[in-house]
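Engineer: Put together the whole structure using the sequences plus the hints.
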Amino acid sequence: MLSHSDQFPAVASGLAGTYLDNAATTQIAASVLARMAAFETAGRANVKRGIYPLAIQATQAFEGARAAVARYLGAGDSNEVVFTSGATAAVNLVAHGFGAGLAAGDEIIVGEGEHHANIVPWQMLRDRAGVVLKVLPVDDRGYPRIDALAGLITERTRLIAVTHASNVTGAVTDVAAICDMARAKGVRVLVDGAQMAAHGAVDVTALGCDFYVVTGHKMFGPTGVGVLWARAEVLDAMAPFMGGGEMIRRVTFEETTYAPPPHRFEAGTPPVTQAIGLGAAADMLLATDWPEVRSREWNLLGGLMDVLDARDRVTVIGPGADDRRLPILSFTVAGAHPHDLCELMGARGVALRGGHHCAQPLMDRFGVEATTRASLALYNTPADVDAFSDALDHALTVLS
Amino acid sequence: MSGTDDLYDARIKQLAARTAGLGPLEHAHCRHEADNFLCGDRVTVEVELDGGAVKRVGGRVRGCLLVQAAAALIGETAPGLDRAAAMDGIRHARALMADGTPATGAWEGLNAFTPAHGLKHRHDCVLLPFEALEACLGGISGAQPR
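Keeping their order, the protein sequence lines are chains F and S. Position 303 of the first sequence, counted from 1, bears residue number 303 in my numbering, the numbering being contiguous throughout. In short: position in the second sequence from 1, add 1000, done, that's my numbering.
I should point out that these hints are in silico values taken from the structure, not numbers from a laboratory. Just so it is clear, the structure is predicted and the values come from calculations on it, not from any experiment.
Taking CB as the label site, the calculated pair distances span:
1. S:K1120 / F:A239: 41 to 51 Å
2. F:D139 / S:A1085: 47 to 57 Å
3. S:F1037 / F:A100: 21 to 31 Å
4. F:A67 / S:R1091: 54 to 64 Å
5. S:K1120 / F:S13: 21 to 31 Å
6. F:A383 / S:F1037: 27 to 37 Å
7. F:M242 / S:F1037: 18 to 28 Å
8. S:E1076 / F:D139: 38 to 48 Å
9. S:A1106 / F:W298: 54 to 64 Å
10. F:D77 / S:G1100: 57 to 67 Å
Quick reminder that beta carbons are idealized off the backbone N, C-alpha and C, glycines included.
Structural biologist: As structure tokens, then:
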């Protein structure tokens, strides 16, 4: 039986080094590469329109990928899955499509701990449509303060946009609780699932949200593809964002009518190869023994936290080891800037991310400019924790 | 020592340790805030002039060791230089980063950053304080303190 690392060429070869930057991009799986290569070498054609065998096969492969992603997300219908170029594009699609139905004075609640991709599109909507943005604060561990939500929701609230799991702290939001409160008030909920999707199957139906976004490159798939999942009735009511081929029912110079979802939101030739790759990633993840993986990730996270606990001047930003969280760990070291730590540890083969992680409001909340982040995935091993420990000691010695 | 370790040699660390000496200026003639949008590092440079020459450099530095060291170098080198000579620092810094050309004259201290020449992803760290200085001095039209 192959180990997890054997399924990832860059990990198996060692070329990825001690790869602890999975919250930014995970390594791509061999099965993903194989399916994309098979499509490009023996199945390449445009999708949705052609009626020759190759095009029919291509469309089947493309729609098969949609169905695989739908299964992984727990969607009731694969037509609720819209392919985009990534999670950012998916949020922007909602900001334009759903946003087109909002009026000046309508309110959107955005989490304080969000990635900029789940802040800026709403600010842009505010600037063009006059909607009001409200901020759902996070607590000292980085969790959205659900106790504050009731006080923020008014009769003008139309949407709550929150992350499922923080890309900085790993804190996992109690999305179901937020959705329960929102549903009672007729408020839609958008969930940024970019981090969550690499750590086990999602069940959008059980969560009760209205929109869920993921991206391929953070779930062992290719770059350049992501997904917007939305409830069928929500998609039905949404205006298209981009116009072009493939998304219309009929075009005349007087009027254009639009195709039903998901095609209404997939103008132009979609990222076919990438979508097929994402489908392969979803299939791989569906076949993964998640209790085993989570147990291993949990142990490794504990190992990383032990390493940090044993060093002076280190502060962990976010939840504790036993809290509801993903294996994403941010920390600061007094007197050692994250870029300097990452530079020195990177030279020792340990891939980390230092900076604001596209979450500057959260940095402000914690009173830091930047953090160093180590993030785990299913192929990491105890040797990675040892390498992290050694490289950290080296960096701290150089910087002392 | 690896090439990366060389970047953090004693000269750079000693320079960076002196950043704390910058601080805000009470009678600054110009002030400019520069951000590295990729990483969020931010440098605020303030300059007080005495006639046509730089009298003091102050400000605030929020960044990595290289940003701190470059800002400290400016704080120690620019005072006494006329505006043109002070603004010339960025030309030396860019040349050093781009092709390793050693800095000369007043800005010779920049050569402490020579190991960064081979690390293109860190060039912006060294240049950020110099860009702030250039924009600060370049924006002066009169000589009245702010």
